[in-house]
Amino acid sequence: MKLILALIRRDLMLNIRQSGGAGTALGFFLTVVVLLPIGLGPDQALLARIAPGALWIALLLSVLLSADRIFQQDYEDGSLDIMTMGPVPFEMVALAKAIAHWLSTSLPLAVAAPILGFLVNLDPNAILPLFLGMAVGSIALSLLAAIGAAVTVGLRRGGLLVSLLVLPLYVPVLIFGLSASQPPGLGPDIATPSLLILAALALVSLVLSPLASAAALRSYLK
Amino acid sequence: MQLDGDNLTCERGGRTVFRDVCFSVAAGQLLQLTGPNGSGKSSLLRLIAGLNEQADGTLTLSGGGTDLSLGQQAHYIAHQDAVKAALTVHENVRFWCGFLNGGDVDAALEAFDLLRLASYPAGLLSAGQKRRLALSRLMAVPRPLWLLDEPTVGLDAASQARLVNIMAGHLQKGGMIIAATHVPLGREPDQRLDLGRPF
Numbered sequence: 001m002k003l004i005l006a007l008i009r010r011d012l013m014l015n016i017r018q019s020g021g022a023g024t025a026l027g028f029f030l031t032v033v034v035l036l037p038i039g040l041g042p043d044q045a046l047l048a049r050i051a052p053g054a055l056w057i058a059l060l061l062s063v064l065l066s067a068d069r070i071f072q073q074d075y076e077d078g079s080l081d082i083m084t085m086g087p088v089p090f091e092m093v094a095l096a097k098a099i100a101h102w103l104s105t106s107l108p109l110a111v112a113a114p115i116l117g118f119l120v121n122l123d124p125n126a127i128l129p130l131f132l133g134m135a136v137g138s139i140a141l142s143l144l145a146a147i148g149a150a151v152t153v154g155l156r157r158g159g160l161l162v163s164l165l166v167l168p169l170y171v172p173v174l175i176f177g178l179s180a181s182q183p184p185g186l187g188p189d190i191a192t193p194s195l196l197i198l199a200a201l202a203l204v205s206l207v208l209s210p211l212a213s214a215a216a217l218r219s220y221l222k
Numbered sequence: 001m002q003l004d005g006d007n008l009t010c011e012r013g014g015r016t017v018f019r020d021v022c023f024s025v026a027a028g029q030l031l032q033l034t035g036p037n038g039s040g041k042s043s044l045l046r047l048i049a050g051l052n053e054q055a056d057g058t059l060t061l062s063g064g065g066t067d068l069s070l071g072q073q074a075h076y077i078a079h080q081d082a083v084k085a086a087l088t089v090h091e092n093v094r095f096w097c098g099f100l101n102g103g104d105v106d107a108a109l110e111a112f113d114l115l116r117l118a119s120y121p122a123g124l125l126s127a128g129q130k131r132r133l134a135l136s137r138l139m140a141v142p143r144p145l146w147l148l149d150e151p152t153v154g155l156d157a158a159s160q161a162r163l164v165n166i167m168a169g170h171l172q173k174g175g176m177i178i179a180a181t182h183v184p185l186g187r188e189p190d191q192r193l194d195l196g197r198p199f
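Residue numbers (this note's numbering), protein chains in the order written: chain B, 1 to 222; chain C, 1 to 199.
The set of hints was computed from the structure by calculation and includes no laboratory data.
Heads up, a few of these hints could be off.
Derived lysine-lysine pairs resembling BS3-like cross-links, with alpha carbons at most 30 Å apart [stated by the list, open to error]:
{"hint": "1", "chain 1": "C", "residue 1": "Lys130", "chain 2": "B", "residue 2": "Lys222"}
{"hint": "2", "chain 1": "B", "residue 1": "Lys2", "chain 2": "B", "residue 2": "Lys222"}
{"hint": "3", "chain 1": "C", "residue 1": "Lys130", "chain 2": "B", "residue 2": "Lys2"}
Listed below are several chain B residues computed to face chain C (Cβ distance under 10 Å; list not exhaustive) [unchecked claim]:
{"hint": "4", "residue": "Leu3"}
{"hint": "5", "residue": "Leu80"}
{"hint": "6", "residue": "Ile82"}
{"hint": "7", "residue": "Met83"}
{"hint": "8", "residue": "Val204"}
For every residue, glycine included, the Cβ atom is placed at its ideal position computed from N, Cα and C.
For reference, chain B alone in the conformation it holds in the complex (with noise of 0.2 Å):
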């Protein structure tokens, strides 16, 4: 565990000083947000209505942004090949890499979000079930971002790639992630429902994730 949370924090460190990943997702995500009121003109009504799905949009972008990076560096710098030698099963490696993404970029856009959310008039009452939503979603997101991250590791300009075999698996985060952050009082309460099953969805990419990206980067390494 102690071995693990030394991968968490150097990854970390190299992000914050890096200044590569956390700061141009949140940059983008901002620019996309800004970008949708200017493109659909000042109906506030119609901003309104669509601000949850348009704010989960443009986080799902955001996160892909970065992910082609989770592995590449440490792949390139042979970083990865010392880490197959260590303690640490390499499905841990690639559980504490991810975790590292989440917590340096996807974590930060869920939560700057709903500060966000008033560039594009998202009701009040659906501040706290749309942070509550991204924030367990992001998990799913970052973890499954990971897999696309491993299967792309050895190619050249491969973050395209990345987005091309991740979005369709972000389907079903995104369709819960949008009915969780519905605000309360409008018809029956889907929320917490969906809520759950989004937390469903991240365990089960909490288990998968490791496995796969683990499979992938090994056949990368021989």
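For this one, chain B is given, so just place chain C on it according to the hints.
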């Protein structure tokens, strides 16, 4: 402690890199790998480290920790230095020390004369200094088997002498070294393995 390779065959991308390679290294011995480019020196080291799979043959380490894999008892120093430019010299070694369950960071830096550069960002180091930083992993985390792929590339004369000393010390303590290199290693290797012509 003894490492035996028996009739090892390695294939990469459908091509046979080497065939029926046999060797045996006992505790305290240095095995020097030679052979022209493409003859499979690096492939053999990666195979021993557990990063490649052999197409045929067996690899056995006797007398080591039984619950550890061969890779977990070996250090593999590759062409890539696995050095993070955004971390300081000390942070680089400390991470590997922590991740690989190692020991003394400062002593490892001292052994390769990097202590005065400890707080320096590793991105500013020269190629030779980066190489020394990669090599300091050998001292930071004690492991019996060292797999060195061209360890002297980029090192100046003083650093080469230091590496030769450190290798001698490791052998004296009963360690094993397999080094792929064409430069003299300061002592006559106990064994040589020539991988010959590439297939």
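Verification of the hints:
1. C:Lys130 with B:Lys222: Distance ~25 Å between Lys130 (chain C) and Lys222 (chain B) Cα, so the pair holds.
2. B:Lys2 with B:Lys222: Given pair Lys2 (chain B), Lys222 (chain B) holds - Cα atoms ~28 Å apart, limit 30 Å.
3. C:Lys130 with B:Lys2: Satisfied, since the Cα-Cα distance of roughly 27 Å is no more than 30 Å.
4. Leu3: holds (5 Å)
5. Leu80: Leu80 (chain B) check passes; min Cβ-Cβ to chain C is 9 Å, inside 10 Å.
6. Ile82: Where the cut-off is 10 Å and the nearest Cβ of chain C is about 6 Å from Ile82 (chain B), the hint holds.
7. Met83: This hint holds: Met83 (chain B) lies near chain C, its Cβ roughly 7 Å from the closest one there, short of 10 Å.
8. Val204: Constraint on Val204 (chain B) not satisfied, violated at 28 Å.
Of the numbered hints stated above, the single one contradicted by the structure is hint 8.
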